[in-house]
Amino acid sequence: MLDQTTDTARRDWLSLLAKSPTGRARDLLSALDLSPSHELLRAPEIGSVMVRGRAGGTGAPFNLGEITVTRASLKLACGTVGHGYVQGRSKEDALSAALIDALMQTEAADHIADAVLAPLRQEMATRRATRAGKAAATKVEFFTMARGED
Amino acid sequence: MYVAVKGGERAIENAHAWLGEERRGDRDIAELSVAQIREQLKLAVNRVMAEGSLYDADLAALAIKQARGDMIEAIFLIRAYRTTLPRFGGSLPLDTAEMACERRISATFKDLPGGQVLGPTFDYTHRLIDFQLAANGEVAEAPSRETSADPVPHVTGFLNREGLIEEAGEGEDTPPDLTREPLEFPADRSLRLQALTRSDEGFALGMAYSTQRGYGRNHAFVGELRIGEVAVEMEIPELGFAIEIGEITLTECETVNQFTGSKTEPPQFTRGYGLVFGQSERKSISMALVDRALRWEELGEDNVGAPAQDVEFVLSHGDNIQATGFLEHIKLPHYVDFQSELELVRTLRKEVEEARAAADMANQVPEAAE
Amino acid sequence: MNSAALSGGFANPAQEAAHGFRALMNAMARPGEIFEVSGGQGPAPLSIGAAVTLLTLCDADTGLYLAPSFDSAEMRGWVAFHFGAPLVPAERADFALGRWEELLPLEQYRIGTAEYPDRSATLIVESDSLTQNGATLRGPGIKDSAALSLPETTAFQANHTLFPLGLDFVFTAGAQLAALPRSTEVN
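Chains as they are written, first to last, in my numbering: chain A, 1 to 150; chain B, 151 to 520; chain C, 521 to 707.
Chain A extracted, bound-state conformation (with noise of 0.2 angstroms):
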């Protein structure tokens, strides 16, 4: 079993690497030229996965509505396995994102996380900050123009 900090730091790298836009973490990996050698544990596989609210948005939980997921799982050739869960239908950045967890347990991992993981963060922060940005701009500024007496 892995330790805490260890599956906060896991947890978060699996998160990004679902949430990348399609290609992209494929594309990073593979200008890295490794191709290690693994063994297929779960064949890509496209699924989905049933989203659920909360009524009230704090309540009882409903069903909302799937999501499109597709899953991988592999073994490199030091025993190292990965898992790769992302968001959408693509079969490579499944494959790619269980490549990169099990990279990230390796000695390779200080050189994924600056090449592949470290891009990835940025841009989801500049694309989220952009948005933000904008909707801070719509933001109401209310001034009272008059205030009558009776």
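Relax, there's no trap hidden among the hints.
One-sided excerpt, in silico: chain C residues whose CB lies under 7 angstroms from chain B:
no. : residue
1   : A580
2   : A600
3   : F601
4   : G604
The hints are simulated quantities; they were obtained by calculation from the structure and are not laboratory data.
Since the structure is predicted, the reported quantities are computational estimates derived from the model, not experimental observations.
Idealized CB from N, CA, C, for every residue including glycine.
Following the hints, complete the assembly by docking chains B and C onto the known chain A.
Same frame as chain A, now just chains B and C:
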């Protein structure tokens, strides 16, 4: 009776070929790409995702292209595709308080933490056709401002602190799923919310409007409407912890409804809830109003016989794929059914004619005797 | 989750699940006939027949009951990784897996309702061997009569009287499987 016939095959094949050609339209005009539909007809894509009950913008855009813009046909394609997917499991319930809001307004409080954020809305447009778009649709980048890290709490939370609004209530961790078990009545609220969020937008709008016009009036205020992205988390058994498996845009509407109290409940505000895939404002407000109307029984209100209070009526007729399937099937061959009706009408007519002839004869007899 | 739990799934899920499904469908359609299956391999003592049955029929929507001799950490991990069936007590199970003696009493499983006879359990019974002799079977899918090495007869006779409600059974031994639906009369 059942009669099997053949002979339509070639006609059907040729009809499909022509359908394909009509979908393409004039070949001198550039073909639409799926990415163009996804980016430039985003609200259509959102509707197909919401009513198709599958969040996948590329797939919804492709369905719209294939369906030639017929939204219900596109939703049908998505629903059919959805059934072919293995389901990996259910997500943890979404935390909409953590939404990265792109729009957030309240009709009940002017100054509220997080502020009124208009977002990309049609609300203040003049609804004048913009002829410039016909020539050139390029736009400048929208202005941006620095953001604050202040939280954007739910409006109903403020009222809750004063005890002026009902609690949101609790329920089972694994809610019932109408895509797995046939709908049975009475349906509990989680089942109603699932049915409403995937129901036809026009139907939900009509039902909601009927409550505003007095058919089960429930005095709704839009306590809050928020649109933005929320992460979807799921427990992954092989990892032993939850990860985010995606991110989706949602529209959430919480209505605050006047409630004078009933035999079982004190006077307080009550809630209606709408949560819909994508930017789907009209639908989520409609959903919240209809949700509230359907709650009459648990709140101890009177059933005034309004359509929007009738759970069986609302849930059985709101699904546009069920509705269109049953409606459109009547245009398909019913030759044998109709043949029997034809026989019946002919027989009835013959009987009537014979009876009339007999009556005429009887009337003529006395005359002849005169 | 240890790495043994991660292997032994279908290498080519679409094809192998289709082959598994065909074998199970034929087994149900021709009670007493024995079929060979392949492609799935779970943790010991799970047979190939039972592994293929589970991989083919179970998913996140089907509750699975594991009888004590199959309820190991390895088995739980294998189930979670390959098909994600929630593990449930016998009385809520859609599928139950175990040796005959430990699956008893049959009264604890769901037999369906008059409106939904399909809301009933299918028992996967791990056996030492399967042979076409023993109890005599008659009913739909059997020309005159068939025979199958059942662990007993009374329980299946009682189950048949519940028809259209009742339980269905898949017997597995090594790579072999045979089935006994509720519609079969046992003597």
